[in-house]
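Peer 1: Each chain is listed here by its residues.
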Amino acid sequence: MRVEYINPFVEAAFNILKEVLQTEVNREELYLKKSTQPVMGVAAIVGLAGDVEGRVLIDMSKETAMKVASTMNGEELNTIDELVKATITELANMITAQAVTKLHELGFKFDLTPPAIMTGDNMQVSDLNVEALIVPLGLPQGKIEINVAIKERVGA
Amino acid sequence: MNMNTETVANSKELDEKKMKKIDFKMVTFTLAGKDYGIDIMKVREIHKAEKFTFVPNSSPFVRGVYNMRGDIISVIDLRVFFNLPVEKNEKRYENMIILRLEDNTIGVLVDTIEKVIGIDSSRKQPPHPLFGDINIKYIESIVENDDSLYIILEAEKIFSSETITESRTPEKAIPAASAVEEIVFDANAIRTEDNSKALNIGFIEETLPTYAGFYPTALNRDWVIDRFDSWEKQRGSDNTQLDNKEDADAYLRGFNSPFTGELWGDEYISALTSMLPEKSGNVFVWNPGCSRGYESYSIAAVLKSKNPEILLKIQGNDNDLINISSAPGLMIEKGRVPSFYDSFLVSSEKGTQFNEVIKDSLIFEYHDLNNDTSLPPLDFVVCRDTLSYMNEAVQLKVLEKIYESMKPGGLLMLGINEKPSNGSNWELIENNGLKLYKKK
Chain P
118 MRVEYINPFV EAAFNILKEV LQTEVNREEL YLKKSTQPVM GVAAIVGLAG DVEGRVLIDM
178 SKETAMKVAS TMNGEELNTI DELVKATITE LANMITAQAV TKLHELGFKF DLTPPAIMTG
238 DNMQVSDLNV EALIVPLGLP QGKIEINVAI KERVGA
Chain X
11 MNMNTETVAN SKELDEKKMK KIDFKMVTFT LAGKDYGIDI MKVREIHKAE KFTFVPNSSP
71 FVRGVYNMRG DIISVIDLRV FFNLPVEKNE KRYENMIILR LEDNTIGVLV DTIEKVIGID
131 SSRKQPPHPL FGDINIKYIE SIVENDDSLY IILEAEKIFS SETITESRTP EKAIPAASAV
191 EEIVFDANAI RTEDNSKALN IGFIEETLPT YAGFYPTALN RDWVIDRFDS WEKQRGSDNT
251 QLDNKEDADA YLRGFNSPFT GELWGDEYIS ALTSMLPEKS GNVFVWNPGC SRGYESYSIA
311 AVLKSKNPEI LLKIQGNDND LINISSAPGL MIEKGRVPSF YDSFLVSSEK GTQFNEVIKD
371 SLIFEYHDLN NDTSLPPLDF VVCRDTLSYM NEAVQLKVLE KIYESMKPGG LLMLGINEKP
431 SNGSNWELIE NNGLKLYKKK
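Sequences listed follow chains P and X, in order.
Quick note: the first sequence, position 155, residue 272 per the numbering used here, numbers continuous.
Quick note: the second sequence, position 94, residue 104 per the numbering used here, numbers continuous.
Hints are supplied without guarantee of correctness; some may be wrong.
What the hints assert, rightly or not - Here are the computed lysine-lysine pairs in the DSS-like style, where the Cα-Cα straight-line distance is at most 27 Å: (1) K52(X) to K151(P); (2) K268(P) to K255(X); (3) K314(X) to K268(P); (4) K151(P) to K147(X); (5) K255(X) to K429(X); (6) K31(X) to K58(X).
What the hints assert, rightly or not - Here are some of the chain X residues that sit facing chain P, going by a computed Cβ distance under 10 Å: (7) T40; (8) N93; (9) P95; (10) A337; (11) M341; (12) F374; (13) Y376; (14) N380; (15) D382; (16) S384; (17) N442.
Claimed, not checked - Here are some chain X residues the structure puts well away from chain P; computed CB gaps all over 10 Å: (18) K344; (19) L355; (20) S357; (21) K360; (22) E375; (23) N381.
Worth flagging that the hints you see were computed from the coordinates, not collected in a lab.
The beta carbon of each residue, even a glycine, is placed where N, CA and C say it ideally should be.
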């Protein structure tokens, strides 16, 4: 994980969450994880392609997802329905887009895929040979992990 | 009745359809009770053989050489190669498959040779990462046939080290096995010499990982043992134990290579420069454990001053986020570094840094060696005093990874007191106390 990529993601996640949820966001220590990692329950995934390849995964538990969606929509939501999924997807879109904009300003170019959302129990994400940077963020609604696994195109 | 014949006819038809699509044939054999296949186009013949001529100083999986109607071929025991149990063979003859690779003929010993099976190559499936017995890189694919699963091996991969180096006897060691042997050997040698000293060193070796995160293995054991005498002199013979982190750090004093955490000095640079080959085109360097980047910048300057025309990429890795984050913007105090670097420095109001030529060749990554990564073909690896702080399994994995990714003739630089545990793969080059290891 190239060091220049780290800060844009941390800052984007921090700023966006703080803004849309109007709450304090608690940054926890960053760390690296093996490429195979368990997913907490709801994961929005955004693919990256261009100078670098990889993906960004916004990962949280179902309870957190419902609470975050409730806050963002200003209404109480109690099931993972279309609205919750759409809200989390949008959140992923905003975070990744802001990070990519910051990176673009630094001279790194790449494209995004539209976010996809996955829900379920006991899921794992594997991506051989890429380790993931975990950006854990503590919120009153629960914990959100931004999971960034990108690498330089080999030989590029 | 009618329906039955119809079904039979149908299934026959299906079978025929399947038969028509056979476009891949493989020779199947067993290793430790499991079924494997190998592309028949790679197989020259099947042989029952005995009396292999032992080759001294070869890897454990090399059974020797064999005279096949006048052709001398090397023979490899595939079970040993894959760390599988070798069944005691009651019969005198062993089953051997003779493989024809690009410019090499090699015999491999297996448990039993079954038959030739034709399959539809579209039914081959990629290997699953969970296959335990055999390292996944040797597996081409998996195929199911008649309710059995066959693991199709990639013949070229297994013997790639030989085809590259064109050496007659395969020398690619199994790191795990050879390292263990070395350790046992070392320990025994000391024990017979002086029992209590060995015991004391043993205690120190056990406590170093706990207090200093330092793992004594074949990589650095020579130094750890040598260090004991001066340590004993310093502390007295009844006070050699390491009781806390300070003791451990004191014991390890002197282990680190020269110019750790600073730019390399003139002598070091000139010794290294004379050892490096002339290069042109793309040059890839991997520098794991680069910390704040002084090492990576030094390497860049050395390589660029030797061959200014090369397209250099140096990948610096560290798992300390704070250190590695400061590497891309490293500030230099001009006047306090050797004048060698002057032509690569630029000054601005913010301070002195390396110029664009050097900076553009460097990529710093936050990376933990415990995790896998993919590397381009490498020309040069500088990994000083980094592996010693990883446990043995990781040390071996990383060394294996380096060996695998290294271009033929590529150079490895370890810490001044380290040597590669998979030593037989590397040729030592020495100059002025500086040691480089060249991929054989």
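Peer 1: Run the structure past the numbered hints and jot down the numbers of the failing ones, going up.
Peer 2: Of the numbered hints, 1, 2, 6, 7, 8, 9, 11, 17, 22, 23 do not hold.
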